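Visitor: Each chain, letter by letter, is given below.
There are 4 protein chains.
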Amino acid sequence: MTTYDPDRPLGVALIGYEFMGRAHSQAWRTVTPAFDGPAIARRVLVGRDARKVQDAARRLDWEEYATDWHEVITRDDVDIVDICTPGFLHAEIAIAALDAGKHVLCEKPLANDTAQAEQMVEAARRAEDRGQIAALGFNYRRVPALALARGLVEDGRLGTVYQARADYLQDWLADPDSPMSWRLRAETAGTGALGDIGSHAIDQIQFLTGQRTTAVRGRLATIVPERPGDDGREAVTVDDAAWATLELDGGALASVEASRMATGAKNELSIALYGSKGALRFDLESPNELWFLDATVPVSEQGFSRILVTEPEHPYLQAWWPQGHVIGWEHTFSHQIHDLLSAISGAGPAFRPDFAEGLALQRVLDAVVASDAADGVTVHLDR
Amino acid sequence: MTTYDPDRPLGVALIGYEFMGRAHSQAWRTVTPAFDGPAIARRVLVGRDARKVQDAARRLDWEEYATDWHEVITRDDVDIVDICTPGFLHAEIAIAALDAGKHVLCEKPLANDTAQAEQMVEAARRAEDRGQIAALGFNYRRVPALALARGLVEDGRLGTVYQARADYLQDWLADPDSPMSWRLRAETAGTGALGDIGSHAIDQIQFLTGQRTTAVRGRLATIVPERPGDDGREAVTVDDAAWATLELDGGALASVEASRMATGAKNELSIALYGSKGALRFDLESPNELWFLDATVPVSEQGFSRILVTEPEHPYLQAWWPQGHVIGWEHTFSHQIHDLLSAISGAGPAFRPDFAEGLALQRVLDAVVASDAADGVTVHLDR
Amino acid sequence: MTTYDPDRPLGVALIGYEFMGRAHSQAWRTVTPAFDGPAIARRVLVGRDARKVQDAARRLDWEEYATDWHEVITRDDVDIVDICTPGFLHAEIAIAALDAGKHVLCEKPLANDTAQAEQMVEAARRAEDRGQIAALGFNYRRVPALALARGLVEDGRLGTVYQARADYLQDWLADPDSPMSWRLRAETAGTGALGDIGSHAIDQIQFLTGQRTTAVRGRLATIVPERPGDDGREAVTVDDAAWATLELDGGALASVEASRMATGAKNELSIALYGSKGALRFDLESPNELWFLDATVPVSEQGFSRILVTEPEHPYLQAWWPQGHVIGWEHTFSHQIHDLLSAISGAGPAFRPDFAEGLALQRVLDAVVASDAADGVTVHLDR
Amino acid sequence: MTTYDPDRPLGVALIGYEFMGRAHSQAWRTVTPAFDGPAIARRVLVGRDARKVQDAARRLDWEEYATDWHEVITRDDVDIVDICTPGFLHAEIAIAALDAGKHVLCEKPLANDTAQAEQMVEAARRAEDRGQIAALGFNYRRVPALALARGLVEDGRLGTVYQARADYLQDWLADPDSPMSWRLRAETAGTGALGDIGSHAIDQIQFLTGQRTTAVRGRLATIVPERPGDDGREAVTVDDAAWATLELDGGALASVEASRMATGAKNELSIALYGSKGALRFDLESPNELWFLDATVPVSEQGFSRILVTEPEHPYLQAWWPQGHVIGWEHTFSHQIHDLLSAISGAGPAFRPDFAEGLALQRVLDAVVASDAADGVTVHLDR
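Chains as they are written, first to last, in the working numbering: chain P, 4 to 386; chain F, 4 to 386; chain X, 4 to 386; chain U, 4 to 386.
Any given hint could be a false lead.
Treat identical chains as interchangeable: a pair holds within one or across any two.
Stated by the list, open to error - With a straight-line Cα cutoff of 20 Å, these simulated DMTMM-like cross-link-like pairs (lysine to aspartate or glutamate) come out:
{"#": "1", "residue 1": "Lys55", "residue 2": "Glu316"}
{"#": "2", "residue 1": "Lys280", "residue 2": "Asp116"}
{"#": "3", "residue 1": "Lys280", "residue 2": "Asp10"}
{"#": "4", "residue 1": "Lys280", "residue 2": "Asp180"}
{"#": "5", "residue 1": "Lys55", "residue 2": "Asp39"}
{"#": "6", "residue 1": "Lys280", "residue 2": "Asp357"}
{"#": "7", "residue 1": "Lys280", "residue 2": "Glu229"}
{"#": "8", "residue 1": "Lys280", "residue 2": "Glu304"}
{"#": "9", "residue 1": "Lys55", "residue 2": "Asp102"}
{"#": "10", "residue 1": "Lys280", "residue 2": "Asp178"}
{"#": "11", "residue 1": "Lys55", "residue 2": "Glu237"}
No lab work stands behind these hints: they were computed from the structure. These numbers were taken from a predicted model, which means no experiment stands behind them.
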């Protein structure tokens with residue numbers, strides 16, 4: 004297996020070059036000058052279509068390209084395998100890479116089904132015993148404002164968290180003639196808005212509160228049931244909107260909404276936490292801002308404060324620009340890689356979420372689906 | 004029964020002088036110079052405690068006070084009975100006043116239970132056949148921004164409404180040591196956050212979309228289960244937070260949240276509607292603003308427009324001040340009375356909501372409770 | 004002269020029934036139930052046109068109407084004369100009313116020229132020696148959020164105020180074909196945007212900082228120099244936009260902008276104060292909000308807090324509704340009258356601004372004009 | 004001189020590795036995968052301190068480092084010289100590099116004094132005749148929202164622009180004990196807030212309106228006149244706040260404010276334009292948003308629209324992420340380089356601003372200083 008040697012750059016293989024591959028590439032390129040940490044080498048970009056991956060490797064600044072991930076994951080000069088493929092391929096690649104002794108960073112979702120996810124957790128456990136990292140990418144945990152929010156909750160600034168809410172709203176399906184795609188078919192995508200963006204909402208609820216879901220009520224809807232396919236109208240077999248309420252093991256209650264039909268909402272993950280001593284609000288469309296209300300100050304001065312999260316005192320910000328100079332969405336991935344590298348080099352804490360946490364989240368998503376299938380009845384999660 | 008005579012002022016009796024009585028009094032005093040319409044006489048304020056109601060009548064500028072509503076509703080110089088008592092008294096007073104030939108304006112909720120509400124609807128039907136008005140007070144329909152919103156939906160500016168959301172959040176119970184009161188006991192209050200403020204949220208969903216609820220899934224919670232009472236800790240027997248999803252008969256789906264535990268939210272009724280051609284957003288803490296997105300303009304110019312609803316072209320605003328000079332919460336009641344007087348004088352359309360609409364809303368609230376009692380399962384509403 | 008007798012209502016005469024007369028009428032009607040204080044009687048509304056003032060008196064709920072203010076100001080049953088006429092009439096009426104022993108509330112501006120203003124101050128001094136009040140109406144000092152702001156500055160929460168800014172932006176002249184009126188002619192209006200709205204901006208700077216202007220640089224502009232009049236295009240002889248910088252006697256510097264050409268700004272008086280320990284921001288289009296930044300909290304938590312100024316702890320709010328239920332623009336006048344009545348009854352402090360303060364402000368406005376006339380050079384104000 | 008050869012990467016030398024050098028480095032690294040365009044080679048980073056520049060070159064990913072810029076600008080493998088030194092060195096380096104046949108990108112300000120700036124314009128003219136580019140870096144012209152704003156003005160969507168405003172507010176000197184530095188001494192920095200950030204404000208006014216300044220009134224202030232130096236309190240010899248009004252050759256009037264004392268403002272360049280047909284607003288702390296009011300729609304629907312400038316239809320955005328995924332401040336530099344490369348390769352229009360435009364801006368800044376020195380009197384600019 005791979006052993007960290009500070010005198011040798013960590014070699015990276017990235018599998019997948021579409022949206023997520025492009026975002027991860029940008030992060031692998033920008034993490035190093037921004038943060039201190041291990042040297043890295045962007046060894047190889049992997050994809051099935053030789054011509055396309057060659058072009059992508061050139062554009063995205065990788066040393067080489069390859070079409071067969073099996074060969075890549077055993078290369079001696081590769082230490083980290085970063086998996087940005089569609090979800091149904093995650094299990095096979097991740098397990099193989101872990102078994103080959105590599106560190107793995109796997110984009111969310113962990114897998115499209117729970118059986119695969121369980122196998123991945125098994126492989127991760129074995130690998131972790133050998134000192135490898137099996138990291139799951141939930142990049143929004145690395146939005147500085149949300150990392151700051153988590154810190155405020157941990158420091159008790161909200162007191163007892165009573166209630167939380169996370170909505171993830173997009174509108175790319177608001178046009179009823181928006182065409183069919185693999186994302187709208189159950190067999191390729193698993194679920195729709197729920198798994199794709201609702202998963203971030205639920206992860207944030209659990210991340211920010213530090214609490215786990217114990218029971219769920221859910222509702223899924225396919226508001227536009229047919230869309231134009233290659234051969235005429237085709238049935239949409241995943242949800243385009245989803246709702247859930249969650250009971251959390253620390254006593255808080257949460258509600259979640261996810262939609263791809265929310266006209267005018269572009270990438271709006273809006274979050275609110277309400278506690279006995281304070282409250283927090285956030286919106287991903289203004290990701291450099293955290294709104295914090297301190298309920299312990301005199302009532303005549305209470306209000307949500309717009310904290311512009313660009314100070315060197317704020318999480319991750321020491322790497323970037325002077326105060327007031329905002330950073331973009333892409334750096335959630337830079338921060339994720341920074342945390343991964345810190346975990347590998349031993350300079351930082353263990354990487355979270357790990358695969359086990361991803362499996363737990365998958366079970367919450369499954370519970371939402373099961374509740375909806377049972378006409379809304381509560382589904383309890385085993386601990 | 005009462006017949007409208009333009010040469011004679013309409014006499015008003017107001018029953019109740021607490022918060023709602025005070026707000027209605029302000030509206031009865033300010034409606035006339037602001038709007039053209041029938042002359043009115045603020046004849047009598049009614050309450051049980053002679054000393055208190057006398058003082059209130061003086062302060063709130065009523066001609067007389069009385070302690071027995073039975074006598075008042077038969078007075079010849081009273082044409083309109085405005086009921087601002089606690090909900091459990093609504094049915095008896097409203098039915099008696101209607102049977103006595105008076106117009107009635109009854110504050111929400113129509114009644115604390117459905118049986119009473121049905122009797123009220125019966126009485127209203129008889130009265131309406133005689134030309135009387137039986138009006139139910141859901142004052143937020145008269146927020147100019149929400150009246151404008153309804154107009155935009157009616158004019159098709161949102162296209163097909165896919166999805167709606169209404170949250171009504173307050174924080175007056177966020178302190179866990181906030182004391183017990185009649186509002187926190189099921190026997191006096193019926194429900195908690197659901198009926199008190201969730202009812203406004205659901206009413207807005209139905210009002211703005213013009214659609215009726217056909218099925219409901221609900222969840223109620225009592226996050227702080229005990230509070231300080233006169234004799235030590237006492238059990239809170241109503242919800243302090245509630246959630247629901249609604250299916251509407253026009254095909255839209257809606258979600259609703261109500262809470263008295265939302266630290267930092269003072270009176271936040273936030274509403275969003277998403278349709279195929281546009282979207283709307285509103286927040287009662289900034290009640291003079293409506294946010295409208297027109298999805299038919301070129302995408303590069305699309306965005307939610309902050310309409311400052313203070314132009315003479317806007318609903319109700321011709322009565323008030325020049326553009327940019329905002330109005331306050333209290334004038335939702337002035338507008339409600341203006342619409343009532345217009346209905347009475349025949350100058351305006353029939354008053355909405357009527358008692359039947361109030362009963363329908365009560366059944367939706369009942370369905371939320373029933374769903375929660377059945378562990379979240381869908382409850383269908385008969386049509 | 005008038006002596007306050009708690010057993011006898013204070014009789015009020017209001018002169019003028021246009022916009023300001025209508026706003027003051029509303030305030031005289033609503034101040035009493037809201038606030039404790041002396042009983043008042045709305046004796047008489049005065050205007051030149053008998054038919055119009057009769058109609059206005061009926062609509063605005065005054066006991067009587069009159070067409071000759073000379074007679075009204077000597078009536079025994081009139082204790083307070085409220086002057087809402089155009090500015091060029093202020094001096095004659097106010098001086099006569101004060102000399103007749105009445106309390107006077109005079110709308111801003113004190114007068115159209117400084118000579119008149121000086122005579123008014125003389126009359127006020129004589130009257131004040133007799134125990135009368137000569138009050139000048141700068142209603143925005145009674146916006147609760149701005150009263151709260153003043154309190155924060157007084158309490159040292161901003162530390163040393165370095166810098167302030169006040170913009171008053173409207174757009175009712177943004178249409179270049181908007182017609183001529185008396186407000187656009189120097190002989191009737193004195194100045195344009197500067198005196199009408201810039202005066203509020205400058206008053207707020209001085210009110211909030213508690214500092215006086217010692218030197219001024221100004222610029223006036225008439226961006227649209229001709230507008231349609233009754234007989235074709237007519238020259239606009241007042242400014243439609245104005246700018247100034249002010250030196251204040253406490254060391255702060257301020258800048259001011261006023262415009263009637265600011266397309267999309269409806270009634271936007273936006274204010275900012277920056278100090279060594281904190282900062283404040285406000286916008287009159289959202290008048291129930293004050294934004295306060297406390298620079299003494301840890302930098303990672305600093306941000307402007309949106310204080311919703313609707314708590315009973317906030318200035319004037321104990322008179323109104325529960326938290327979160329906003330009030331409208333009109334109640335700046337209710338509060339002004341409440342403060343006037345408190346001053347008359349001795350229950351509250353002396354009323355501010357008095358006429359002398361109005362004259363001082365007039366001199367600042369004159370200095371802006373003089374600076375502009377001298378191509379921008381600094382004009383110093385004698386102390 | 005340098006001739007563009009598509010088969011050969013353009014070699015870049017960057018002089019300076021502090022804040023601006025770091026920002027430019029990031030942009031040189033990220034421009035290529037994001038945008039199509041010429042290949043580039045990050046040849047050499049230049050600085051005076053060998054150890055520091057070596058370390059910086061490694062961190063910022065440059066092939067080599069050097070300590071003598073004279074040698075670098077004549078290297079055959081260097082085609083572009085990017086100057087990020089303090090302003091007083093700009094002239095010497097830029098003129099030498101242009102004379103050596105290189106394209107030059109020079110950070111703002113063009114120079115610390117006008118004489119130097121004029122020599123630079125001369126050198127640029129000679130170089131441009133030879134086909135070289137002399138580009139001046141005003142990166143905020145490449146904020147997508149501001150590029151969109153410029154497009155709306157050019158398309159006539161604002162009609163006649165009446166009035167504009169740009170404030171650039173920071174607070175890094177709000178602490179009176181913030182120490183002395185070269186930026187606070189006239190001999191090294193020229194001016195203070197005016198040249199550093201006021202220059203951006205004035206550039207935006209001219210860029211967005213497409214109009215040039217013809218006359219200026221200015222005021223400078225040093226609110227905190229002494230700060231802690233190495234040997235005790237030392238006099239601050241530049242402004243920490245500045246104000247100006249500008250007359251523009253298209254008839255618009257503008258006002259500008261710059262401050263380093265605006266407590267709570269971190270990097271707030273707020274801009275407003277008001278025209279006969281519409282209006283625009285922007286704030287650099289929320290750089291992905293443009294607020295546009297279309298005054299030609301019915302007044303009841305008018306309002307400032309928050310356009311989230313993240314659509315592929317928006318300027319520069321096709322290079323980045325899907326809609327709603329915001330970009331950061333750093334990419335203003337990526338866009339600047341993209342435009343520079345497009346100009347060099349001939350794929351895009353001439354680069355703006357050029358040195359002549361920088362000189363014109365310098366003259367406006369000089370006029371502000373001259374006006375203040377002359378007690379505020381108008382200073383006219385020769386055309």
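Visitor: Hint by hint, note whether the structure agrees.
Guide: Against the structure, the hints come out as follows:
no.	hint	in the structure
1	Lys55 - Glu316	neither (42 Å within a copy, 25 Å between copies)
2	Lys280 - Asp116	neither (39 Å within a copy, 36 Å between copies)
3	Lys280 - Asp10	neither (48 Å within a copy, 49 Å between copies)
4	Lys280 - Asp180	between (47 Å within a copy, 13 Å between copies)
5	Lys55 - Asp39	between (33 Å within a copy, 16 Å between copies)
6	Lys280 - Asp357	neither (31 Å within a copy, 42 Å between copies)
7	Lys280 - Glu229	between (47 Å within a copy, 18 Å between copies)
8	Lys280 - Glu304	both (14 Å within a copy, 15 Å between copies)
9	Lys55 - Asp102	neither (29 Å within a copy, 43 Å between copies)
10	Lys280 - Asp178	between (42 Å within a copy, 8 Å between copies)
11	Lys55 - Glu237	neither (29 Å within a copy, 62 Å between copies)
Checked against the numbered hints above, the structure breaks hints 1, 2, 3, 6, 9, 11 and satisfies the rest.
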